[in-house]
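So for the sequence shown, the working numbering puts the first residue at 91; every next one is plus one.
Since the hints were derived computationally from the structure, they do not count as laboratory data. Possibly wrong hints are sitting among the right ones.
Restraint-style ranges between C-beta atoms, simulated for each label pair [to be verified]:
(1) 443 to 752: 47 to 53 angstroms
(2) 523 to 560: 45 to 51 angstroms
(3) 706 to 745: 48 to 54 angstroms
(4) 561 to 526: 46 to 52 angstroms
(5) 745 to 776: 20 to 26 angstroms
(6) 262 to 233: 40 to 46 angstroms
(7) 752 to 776: 46 to 52 angstroms
(8) 442 to 109: 54 to 60 angstroms
(9) 530 to 550: 53 to 59 angstroms
(10) 183 to 227: 58 to 64 angstroms
(11) 962 to 904: 31 to 37 angstroms
Don't be surprised by glycine CBs; every beta carbon is placed ideally from N, CA and C.
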Amino acid sequence: MEKKMRFGIKSKIIIGYLIVIVCLFIAFIVLNSQISSLQKERNFIIDHDIEVHDLTNRIEKHLLDMETGQRGYIITGEASYLEPYNSAASSWEKDYNALYQLLNNNPNQQEKLEKIKGSIQDWIQAAGEPTIALKKENNTKELQQFFEKDPGRQYMDDIRSQFTSFRNVEKKSTETRATELDEKNQKIKIGLYGLLLFVTLISLAIAIVLSNSIVNTIKEVTQTIKRITASKGELKGRIKVRSNDEIKDLGIATNALLENIEERNWLQTNIAHAVTMYQGIASVDKLAEKFLFTVSEMTGASFGAFYVREENDKGDLFVKQAAFADRKGDAGRESFLIGQGLIGQAALEKRTLVINDVPDTYQLITSGLGDVKPKSIFIVPVLFEDEVIAVIELASLHEFTVLEQELISQVIETFGLTINGVIRRMEIARLLKESQAMTEELQAQSEELQTQSEELQMQSEELRMINEQLEERTKDAEEKSFELEAAKEDLEEKAHQLELNSQYKSEFLANMSHELRTPLNSILILSEMLEENAAKTLSEDEEEYARIIHSSGKDLLALINDILDLSKVESGKLDVLLAEMNMSELPDQIERNFSHVAEQKEVKLKINKAQDVPDIIHTDEKRFQQIVKNLLSNAFKFTESGSVTVSIQQVANHRLTTAMRTVDTDCWLEIAVADTGIGIPKEKHQLIFEAFQQADGATVRKYGGTGLGLSICSEFAKLLGGWISLSSEVGKGSTFTLYLPSLSKGLVDYEKVNFAYEEVAVSVEEAVEEAKPEAEITEVDHPVQPVEPSLQDDENVFQDKRVLIVDDDQRNIFALKTALAKQGMTIMTAHNGIECLEMMKNSEPFDLILMDIMMPQMDGYEAMQKIRGELKLVDLPIIALTAKAMKNDREKCLEAGASDYISKPLDLNQLFSVMRVWLVN
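Given only the sequences and the hints, what does the whole structure look like? Please build it.
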């Protein structure tokens, strides 16, 4: 059945008004149409008739002007009288044509107008033109004869008579149109009154219909409410409204109110019944059974179980106390823990659960004919002082209504107090029985306690003596504690002294590095210049002496670097910078660095890289390269003939030791350097990894060296998480194997790892600046050999360039000045920062400055800052030179204003390369 369309009071009123407005609008359109028609006719009369009369008068005027001009000319003979004549003669036909066109709808008037035209033309031809021609000819006799007869007067009289008749006809036509217009106006007035009456009647009819619809519906609602009121509390009656408007809404709302009141009455009645039914019950099981029966009867539930909380070792356990429609005692589980299942979750969350989508596996409700699946489950916890003391679960063949749920919820609000009261009464009764039994036991135990009291007095005396002994031992312990505290302070003082010693050692090594590198810088530069023998003034022996001096200087520099490396490792201040390293390039790097060494010694170099080696590993590439280069350098040093073989492979899983598996790494690499050299005795295998140790004195005398290389390699390997093993036999060669993990997840705490070839594990942490001010020794990079430039390029770049050397050491100044002067540069020198600033203020501009850092009075840092700040020479290239291998020296120099940085001892090729870059730029 289609839903009845809603038609509200507001809609009815609006539609009524719309009908009236539509009628008024139609009337307005009709009236406007009539008025427009009337207006058009009136305008036609005004415009047409007035135009006709106006044109008629103008034609007559033209004719009169022609007659007057003709007579004036004939009488006076002056030509000026012909102007009106000629003007009227040329204009009257134009007005005639306009008048003729205006009378298109009146043929009779057009016919009369044509006669008038003929009369005018006859007058012109018979009287106008001939007399004017005679006057021009001065024929007075014929003029006199013409005017004696005067035929023109007759024409004029006819024309006036015709115009009078024409006007009379037009006047009658105008009067006829005016009469018709008055009749139409009267009809419009009558029609207007008729429309007004019609609209009024329509409006009254609509008002009556709407008022009857509203009033009749309100009367029906009022009568229904009176009937319900007269029924003395019976709320079964309902208001029925046929109309679909606001009155119906009022009826529906009233019916809903009646239903709500009826439901509230039912709710209050059942709540009162439920409250009174469990009064006087003294046991929980009977209370639960009675409650389930009453609630099931009220809500129509077909199945139910009642659980009460009990405390045990497992926590709060809810035990079934009663059931409704129980089939052989299987209505629900016997007990559950809080949080167990839906009923346990409801108890845990202290909230009511209503489940309408019951699964097929749920407990069936039993009847005489069979088992039926419930449609709805209602689980409600019973609270007392915000604690769940019981849970009730009901099942029904219909869905629990909101009213039934509200009934159970309101009954449960006070039911918790009842359950608690019953449990308390039962607990009091139980305790009373236990109290009576315990009173009897206490009487028996009182006698035993009296006996035990005497025994306790004897034991108390013994305890007093023991307590005195404990006090003496406590005093001894306190004295020992004081001694331990003093020992602790002594150890802390020694630790502080060791820390100071380490700091002094670092400062000493840094200063010694500066003091050694400064003269070494001059030795290397001058010996290199002597070795080149550019002037060809040295003999071959003298060139050899220079080569030996230069080589010895490099060996001394390498020794200084090794000592610094070893010192940093021992003090734990060596930075380990983990990053990605490309293993695929390692064979090419080894080939590039050592192939010329192999050719010089006529030793074969073999490089084997397994396919399973990953292309990328995570480690400190700089330390890794130092280890590999040191091992290869040793291999070539101690191998006179045969070969040096480098094997790179990944350690297979079955070869991983327990210690290696404890390291969190992607893979383990094995880099083996095998040679066919002199070999190492087995008893010396551990010794060679110690600082300043070699296999024996003969080795030192024959091959040289300091004994630091393998020690540093071993420490570097430990820092990178691995170790170096040795397999060697005297006379057959040695194999040094580096085991190294890929540390993609950072460094590892190696105190927990016990490597197979190491007795002591090294704990490594990433470098962190300590809070105490401490001079740290930083790795000094070896200069990189640049590409050798051509002599022509050097001459083009360095020729006539002004260079200022700022250094407090005359040896360095002499060496640098000699080397730079050979390149065609003009050299100026200053011994400290103050002299440098004075020279720059008082002499011509310099192209480049070589600035030493450690100088008296004003050091290089301050001098560079003043050059950049006070002298505003921001573009002048300044190359900082220093021999102190302190950490962050490069950054400090660049921050002070240096353009570039080179550490001493200087490599001339590197120096020229850097100078060339800045002079070109």
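**Unsatisfied constraints (hint numbers, rising)** = Numbers 3, 7, 9, 10, in rising order.
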